[in-house]
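Asker: Chains Y and A supply the protein sequences, listed in that same order. Position 559 (the first sequence) corresponds to 559 in the numbering used here; numbering is contiguous. Position 121 (the second sequence) corresponds to 121 in the numbering used here; numbering is contiguous.
I should point out that these hints are in silico values taken from the structure, not numbers from a laboratory. Just so it is clear, the structure is predicted and the values come from calculations on it, not from any experiment. Honestly, I wouldn't trust all of these hints.
Claimed, not checked - Result set (DSSO-like, lysine-lysine): computed pairs, CA atoms no more than 30 Å apart in a straight line: (1) A:K111 with Y:K148; (2) A:K143 with Y:K348; (3) A:K143 with Y:K210; (4) A:K111 with Y:K202; (5) Y:K273 with Y:K442; (6) A:K111 with Y:K153; (7) Y:K243 with Y:K533; (8) Y:K467 with A:K111; (9) A:K147 with Y:K398.
Stated by the list, open to error - In silico contact screen, one side only, chain A against chain Y (beta carbon under 10 Å); selected entries: (10) L8; (11) I12; (12) G42; (13) V74; (14) L76; (15) T102; (16) V113; (17) G126; (18) T127; (19) T130.
Claimed, not checked - Incomplete in silico selection of chain A near chain Y, CB under 7 Å: (20) N10; (21) L11; (22) L49; (23) D50; (24) E54; (25) T66; (26) L103; (27) M106; (28) S122.
Where a beta carbon is used, it is the ideal one built from N, C-alpha and C, also for glycine.
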Amino acid sequence: MTRIVVDPITRIEGHLRIDCEVDGGKVNQAWSSGQMWRGIEIILKGRDPRDAWIFTQRICGVCTTVHAITSVRAVENALQLEVPLNAQYIRNMIIAAHGVHDHIVHFYHLAALDWVDIVSALKGDPAGAAKIAASLSEYKGNGEPAIKAVRDKLSGFVGSGQLGVYASGYWGHPAMKLPPDINLLAATHYVQALEVQRIANKIVTVLGSKTPHIQNLAVGGVANAINPESQSTLTLERLFAIKAWIDELDDFVNNAMIPDVGAVGAVYADWTKYGAGVTNYLSVPDLPVDTKGTKFAMPGGYIKAADLATFKTVGHFGDPYFRDNVTESVKHAWYSYSGDGTALHPFKGETSPQYTDWQDAGKYSWIKAPTFNGERAQVGPLANVLAMVAAGHESTNKHLTRLLGIASTVAGTQIPVDAVHSTIGRIAARAVRCAVLLDELKAQWQLLMDNIGKGDFATFNRPVFPKGEVAGVGFHEAPRGVLSHWIVIEDGKIKNYQAVVPSTWNAGPRDDNDQPGPYEASLVDNPIADPDKPLEVLRTVHSFDPCIACAIHLADTDRRPIISVKAF
Amino acid sequence: MSVAVVGLGNLILSDDGVGVHVVQYLNETFRFSDGVVVIDGGTSAIDLLDQLIEAEHLIFVDAARTGGAPGTVVELEGAQLPAWFRQRMSPHQVGLADLLATLTLMDHAPKSVTLIGIEPQSMELGTELTAAVRAAVVTAATKVLAKLSAFGFDVVACPADTETRLCA
């Protein structure tokens, strides 16, 4: 038996350590340990709730919009404050554009190098790659000259020894299975994706006034003034520029990204057998299309044990089905709780560090273990896609069916929907969600134009804070999953504030019942071809799109990955 | 010719955010000529791509372990940077190294990259800089201005509007 420690996991945001016990060529137990934001209430206590979002958005430099939006929603929920339709549509467009950006970057620039061998790509034939590409779609970037240009550019880059972003790949690893021409096609799209993700970011910048760290939010709406006549407001010219960018994104996502994920998934179809882990799925609805947050363009809710028939919807902002059933356990985390020490609801959240050294059966992580109705839940695009399928969401069904169809054609065998409960399934679901977000981005743009066309220019409702105590929860289906902010306000000032971020749900340690978290459970039975090069561990962990950017201040400034392997 | 001045760091982790404090100070105190953009980059990296891709020269300001006392300011350029990245002295470096490699891959490598690093004292949760690091903000800003001047850009001191905290 061998113990592998990968610390830190690279090509993610933030600091994460994964330990695996390997026996007979596969993982039989795993531990996930990382950092999380603790004590955000320290800097927020006593402040004006209208300012909270300016601080909370600094929690993460990658997902800068999500904490801002969740924060204003928490305060709006506490005040039962309605948000004008234009503000909802503008926020929704920011959410959708940011999500598209995030999912593209994750697949190509964070996950793809676990499956695509760049060195092998250099041996690919541009003509062969173009032929495969043409069989999958009519994407305009698939021409042979474009592919050859990328191959030549990469040769120069890799050859110069300045491997940079490619430095942490596992070139030549026995688990790399793509033929050189497909590696080359994927590498071409990797380079093109760098341009495409800029376009998605431009949409966020125009609507948010800047990125990172948008400026345009307010409790009660947005700060964007709408006046089709004025140059200094959100003009029609800017709105039509956004429309043009949306169309460019559409071409790439539907004609390059979805086919890429389908083709890669087909070649690695054996990875549909690994990585299921926790198959209780939690997501929340998003893209509110009314002023009260009771109607959403994208549904969400809870699915138990991979059975879509159990789907129960979370129906509205502040829905007690979500609000009352979240708790966080610290039994296996380096914190202590008052009272009997059992899991606490975020409104009563405590963050008192209690460091012990690493104890496999005791405490081993700085991340708390959240549960929903006492059960572990996986969050993220897979949870969201499954909820939307269960709810009969048309766009989701369309894109999922198409992606499975492409994968089945390439694999030469029918790939069932059940295959999504896996490492490869998470990656596929993220691509599907990206395509769905693009459809929604178009729809929200149209809703905004139609509403302005009716002469409605309202974007803000002024919040009023009562005397006494009010509490609220804001939730958001962020690119990595369910994000929630929990605020208690007393006499107009913040009394308590907790953030439960998506990666806490997924990366958390064992809970009060010693049940493993999603990362830990998903690693069990993963094959390990070479314990000194645990590519398979990275594949599964990266499929979750970890973002633990929050905490990360390490006194240790040496960030070279340390893989230590101990044989027992 | 164009220059982008980018302040990196996390504003709610005390001295980690010093780079952002420096660009905030610059924006409140000076007016910059066309061709200079001064950006609060927060803790993002690849997301800055769109704003940096047209810049010929990049100047980054960030917290960095220099080996000196808190508040020590260093200036690194060009060939000094790859070695610096290998030592990973700043928490935001991985993103920064990837960003620069990406610009090269996209045929938009800048003509020069300068890094102005400030030794942090505390990176605990908090919105304020420690005293030694706060004192270094003006020093670091002065180095930025010197660099801009060397590139031939004018900078004009500008009384800040007390409400907007920007140049009036």
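Asker: Evaluate each hint against the coordinates.
Answerer: Hint check results:
1. Between the alpha carbons of K111 (chain A) and K148 (chain Y) the distance comes to roughly 26 Å, so the proposed pair stays at or under 30 Å and holds.
2. Restraint check for K143 (chain A) and K348 (chain Y): not satisfied, since their Cα atoms lie roughly 48 Å apart, outside the 30 Å limit.
3. Between K143 (chain A) and K210 (chain Y), the direct Cα distance comes to roughly 26 Å. Compliance with the 30 Å bound is thereby established for this hinted pair.
4. Only pairs whose Cα atoms come within 30 Å are accepted, and K111 (chain A) paired with K202 (chain Y) is accepted, the gap being roughly 24 Å.
5. Restraint check for K273 (chain Y) and K442 (chain Y): not satisfied, since their Cα atoms lie roughly 35 Å apart, outside the 30 Å limit.
6. Restraint check for K111 (chain A) and K153 (chain Y): satisfied, since their Cα atoms lie roughly 19 Å apart, inside the 30 Å limit.
7. Among the hinted pairs, K243 (chain Y) with K533 (chain Y) is inconsistent with the structure: their alpha-carbon atoms are about 45 Å apart, more than 30 Å.
8. For the proposed pair K467 (chain Y) and K111 (chain A), the alpha carbon gap of about 58 Å is over 30 Å, so the pair is violated.
9. Between K147 (chain A) and K398 (chain Y) the alpha-carbon distance is near 54 Å, which puts this suggested pair outside the 30 Å criterion.
10. For L8 (chain A), the interface hint holds, since its Cβ comes within 10 Å of a Cβ in chain Y; the closest pair sits about 9 Å apart.
11. Evaluation of the I12 (chain A) hint against chain Y yields a held restraint, the C-beta minimum of about 5 Å falling below 10 Å.
12. The criterion of a C-beta within 10 Å of any C-beta in chain Y is met by G42 (chain A), whose closest approach is roughly 4 Å, and the hint holds.
13. Contact between V74 (chain A) and chain Y, as hinted, is not supported at the beta carbon level, the nearest pair being about 15 Å apart and thus beyond 10 Å.
14. For the restraint placing L76 (chain A) at the interface with chain Y, the shortest Cβ-Cβ distance is roughly 15 Å, beyond the 10 Å limit, so the hint is violated.
15. Taking 10 Å as the C-beta contact cut-off toward chain Y, the hint placing T102 (chain A) at the interface holds, the least distance being around 6 Å.
16. Annotation: V113 (chain A) was flagged as interfacial toward chain Y, and the flag is violated, the nearest CB pair being 13 Å apart, outside 10 Å.
17. Checking G126 (chain A) against chain Y: minimum C-beta separation of about 6 Å stays under 10 Å; hint holds.
18. Taking 10 Å as the C-beta cut-off, the interface hint given for T127 (chain A) holds, the closest approach to chain Y being about 6 Å.
19. Evaluation of the T130 (chain A) hint against chain Y yields a violated restraint, the C-beta minimum of about 14 Å exceeding 10 Å.
20. Checking N10 (chain A) against chain Y: minimum C-beta separation of about 6 Å stays under 7 Å; hint holds.
21. Among the interface hints, the one on L11 (chain A) holds; its C-beta lies about 5 Å from the nearest C-beta in chain Y, closer than the 7 Å criterion.
22. A cut of 7 Å between beta carbons decides the hint on L49 (chain A): the least distance to chain Y is about 6 Å, and the hint holds.
23. Look at D50 (chain A): its Cβ gets to within about 4 Å of chain Y, closer than 7 Å, so that hint holds up.
24. At a threshold of 7 Å, the smallest CB-CB gap from E54 (chain A) to chain Y is about 11 Å, leaving the interface hint violated.
25. Because the smallest distance between the Cβ of T66 (chain A) and any Cβ of chain Y comes to about 11 Å, over 7 Å, the interface hint for this residue is violated.
26. For L103 (chain A), the shortest C-beta to C-beta distance to chain Y is roughly 9 Å, which exceeds 7 Å, and the interface hint is violated.
27. With its C-beta approaching chain Y no nearer than about 6 Å, M106 (chain A) sits inside the 7 Å limit, and its interface hint holds.
28. Below 7 Å, beta-carbon pairs count as interface contacts, and S122 (chain A) has none with chain Y, the closest being about 10 Å; its hint is therefore violated.
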